Amino acid sequence: MARDRYRDRLATLRTDVVLFGELVVERYESAVAAAANGDLRAADRIVSGDSEINRRYLELEGDCIDLIARNQPVAGDLRLITASFKILTDLERIADLATNLAERTEYGSEVHPAVDLGSLGLAAGEMVAAAVDAYENDDRAACRAVAADDDTLDSDCAAATQRIIRELLAERAGDDERVRTADTTTRGLLTVRDIERVGDHAVNIAARTLYMLDSDDELLY
Amino acid sequence: MSQNESTIDSESESLITTDVQPDTTAESASSATTIVETEQLNVYYGDDQALDDVSIAIPENQVTALIGPSGCGKSTFLRCLNRMNDLIDIARIDGTVTLRGIDIYDDAVDPVALRRKIGMVFQKPNPFPKSIYDNVAYGLKVQGKEITDERIEEALRSAALWDEVKDQLDQSGLELSGGQQQRLCIARAIAPDPDIVLMDEPTSALDPVAASKIEDLIDELVEDYTVIIVTHNMQQAARISDQTAVFLTGGELVEYDDTTTIFENPADDRVEDYITGKFG
Amino acid sequence: MAVETDTDTGFGEVSRLRGTVFEYLSLGASVVGLFALAALLIYVFVDAFGLSTASPAWLLTYFLTLVVPYIGFCLYSISDRAFTRKIALALGGGLVVTAVGFTAIETLLVSIPGLTWQIAYLFLVATPVVASVTFVASRQPLGAAGFGLVGRLVGGAALGCAVAIMFIVIDRPLWFLVYTFGVLPAGGVYAYTSRREIGWPTAQATLVGLFGLGVSTQLRQILGIYPSDGLIYLWTLAVPLAAGAAALVTLRDGSRRAVAGVAVTTLLGGGGGFVLGSSALPTGSGVIIGAATVAATAVYLVEAVDNEGRRGLLLPLLIAGGALAGAAVVQTVGIPTPEMWLTPAYLTSAPSNEAANAGLYPAVVGSIIIIAMVAVLSFVLGVGAAVFLEEYAADTGLVGRLTRLIQINIANLAAVPSVVYGLLGLGLFANLLGFGFGTAVTAALTLSLLILPITVISAQEAVRSVPDDLRQGSYAMGATRWQTVKNVVLPEAMPGMLTGTILALGRAIGETAPLIMIGAATTVFSAPAGIWSRFSAMPMQIYAWANYPQAEFRYGVVAAGVVTLLIVLLAMNGTAIIIRNRMEREH
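Those sequence lines, one after another, are chains A, B and C. Every letter in the first sequence is one number past the one before it in UniProt numbering, and letter 120, counting from 1, is 120. Every letter in the second sequence is one number past the one before it in UniProt numbering, and letter 76, counting from 1, is 76. Every letter in the third sequence is one number past the one before it in UniProt numbering, and letter 24, counting from 1, is 24.
Read the hints as simulated data drawn from the structure, not as lab findings. Just so we're clear, the structure is a prediction, and the values are computed from it rather than from any experiment. Beta carbons are placed, not taken as given, at the ideal position from N, Cα and C, and that holds for glycine. Where hints are given, some of them may not hold.
Restraint-style ranges between C-beta atoms, simulated for each label pair [as the list claims (entries may be wrong)]:
(1) Phe-11(C) x Ser-204(B): 24 to 32 Å
(2) Tyr-24(C) x Gln-235(B): 51 to 59 Å
(3) Ser-204(B) x Thr-396(C): 25 to 33 Å
(4) Arg-252(C) x Gln-168(B): 49 to 57 Å
(5) Arg-404(C) x Gln-235(B): 43 to 51 Å
(6) Ser-204(B) x Gly-384(C): 34 to 42 Å
(7) Gln-235(B) x Ser-30(C): 51 to 59 Å
(8) Gly-33(C) x Val-109(B): 54 to 62 Å
(9) Val-74(A) x Ser-132(C): 56 to 64 Å
(10) Asp-47(B) x Ala-513(C): 47 to 55 Å
Chain B residues, not near chain A, derived (Cβ > 12 Å throughout) [what the hints assert, rightly or not]:
(11) Ser-70
(12) Ile-93
(13) Asp-106
(14) Ser-131
(15) Glu-220
(16) Ser-241
Some chain A residues close to chain B (C-beta under 7 Å, calculated; not the full set) [stated by the list, open to error]:
(17) Asp-4
(18) Asp-66
(19) Gly-76
(20) Asn-100
Can you make the complete structure from the sequences, with help from the hints?
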């Protein structure tokens, strides 16, 4: 096989992206858990760890640029590098969303009574994990499955939003209570929106992976 | 929860360690020992100046690429390092070139003895019209070193040619293909175990597949030797080198830095223009 | 012209008239010289072999017993029906055309002197046909085997003869001593040290050889009794030749029996030559000729008998049989034989005042000895000068200007008339250095100077044609200038240098004027006994004969001399070409 070092670096890039993806998924799941349990200490660690994620993100992006600048990749190699480049952005965004979740964590309370953060958040996390797996293993079927799962997630999120609004409308409380209810509602709505976005990023990762494998843009929209 | 956190930390640490690339980082360049150094090197061919005040420090066990447009003096520079310019009557050299701290243009230095420390590979594959074995043994023979089958095999293996020629060592080196001939020349150059291997556009006469094999070979050679390569193919310099020196017309060394820096963020606008193809 | 005219195609037409005229003029220019020379050679051959006196029956007999079987062999080897038909048509059609055409020209236009239509047929049709079938057949396994064997028989014998002639002027007892005490021990030391890888084999062997040489020259003064020449040749030439041939067969993976067979037959060949002797050359020369012929043939046969087309090896028998059969028919039927001038007796006897007894032997020996010396001298000097001028002399500065001056003068020297060189030889070698008037040494030195410019220029050309890449490659490996010259430049330039020297030798062998100037004898009656004795050379002798009043001398004897000269020249050039091709193939 010619250009051994270049081949090695391509493989390394892919492994690095997968590891980065797994790291982001873990962070996101920790954030979901922290938000659900109101664990402030865990949430703080996640917030402060974001700079580490950003540094790593820039490093990997630099690797992609290096590979393009120095090795003139073409065809499948070029798609691998450009797809990885885009996937890294999605992963970084997911990490940012995890930070958002952590920042909204309040001591000893769950996000919103109408939102089952555990199942909703975990569903989105599983989608990201599945998309990263698909990227790692060239799994076309898994890419399409992630896209299909997103529809369920979207409808679950819509249902959760409706429940939050309904609860808000049903609320009859005093002024103090109303302020707290407004806060909880905002937090609930933002959290649901973030989770929905995590799902969208997972779909993006799956779509880029499919593009990388077959030059197939069916999931890109 | 805290267990979760610690996993994250250890994970990110392990990621960082995988990130350490063996090449191309600024630290590795500055930490490597300098093997060849020139100061204010000027070369004249008659009245024409071929090199203009070139000062450069080339690190050991790395690939240093010299690029630039035709006639920019990069080959002249290469030939200063093993005093091949001495063979040209009208060439005049000014300034100092040191190899491991010794001025090679000192009167006490015998150019023939110097060349025995430095292997050279040329643009056009130039195996001698002798057998493959005798080609590889040539350096050992003229340098009065012992010729053993093991050394020949080792050199051919290092040049990634052994498997292709082991059954035809008695055949003429000229019967090989162009790419094989060039690898034979590399085997010939490294058989006497030099300190440095100079390559003067070693792949420009070869087809892309053969050229790519030579590039791979350079990757491996650099573990044992310092490789200094002149190439008119910028992409090749980008692919294989750790350091890149850009010469521009008039024999001026315009920029010398890590290859990554040169190709991603050159300091000099002329280098930017040259590598982006705006001129040259 | 390029006048464009509108035609249907719309492209127009471009005139090529001038180009076509030029093409045919060039063709005419290139063949006019060849035609003139061919016509001359035909007459010379006709005279030398007395063909004008040959009866049609004699020609027909040998045509049928020699030429037809030979063509048959070639056609059989080619075995291509279409080609066979073409050759048959050429032979038959050529016969009719030549006969009718020749007769028509004779009766209607002019009479052609000295020729008959049969002879015209022989040269115009039969010879080209034989040449073409030979060429085509030599590419087939059968033909290649046959021609290979004939070539080695003839070549071996010729080489043997040349060496035997060389030994006429060598002090045989001294050679015997030098070989026994110098060459043999030196070879032994070289073989032993290089196999054991101890010390410097070349230096040690040279030392031993020089010591042996010294001992031999001393012994030569003291010893009075030596073996006969034949035994010396057997010991110093046939034995090493047998060993060499055996080594060659071993190298080519011959069986042990084949190796032993080649060695033994070579020795037997030498012994056989000793017993048979040779009619003209000094006693014992047969050993050299026999051993050389047998060695060349035997080495070839070892390989050829296993190869495809080994039936072709019968070709020598076919030729010999054809010649014998022709002779038998001529004898029994009583066909009158033509008066040939170029006969074995002509080559082996001394000149005479009677044309019928005239011979060229002393002149042939003289020419070959001189040429051998000239070859060595001019090659060594020419190569030396060329290598110095190309590899060592600087291009710039004072030395560079001097080099250019020398360069220009060498080119000019090549144009100096040969008579002037004769004068130089007379003044420098004969008078000043006292090498004697008309001695072989003086002649060889003079002729060497004469051809030196040509040798130098062609050797320079050969050195210059060695790609600079190779020199650079060698220097870059840390080779010194001498190592580069020895290992890269000389081997690569050798074929070119040999070609140049051989062409120059061709000129030297035919020179007459310088030989006259240095006082070489036109006619000597015995072969020169050493390099210091007076001699005659072939062109001198031919020139002398051409002035004889008798017509037989001016036609027959001179023609026979010219043909001999040409044959020696061709043999020399042929050898050089074979050596050169071998060297080129090795590279």
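Q. Any of the earlier hints contradicted here, and which numbers?
A. Numbers 1, 4, 15, 16, 19, 20 - these are the hints that the structure violates, sorted from lowest upward.
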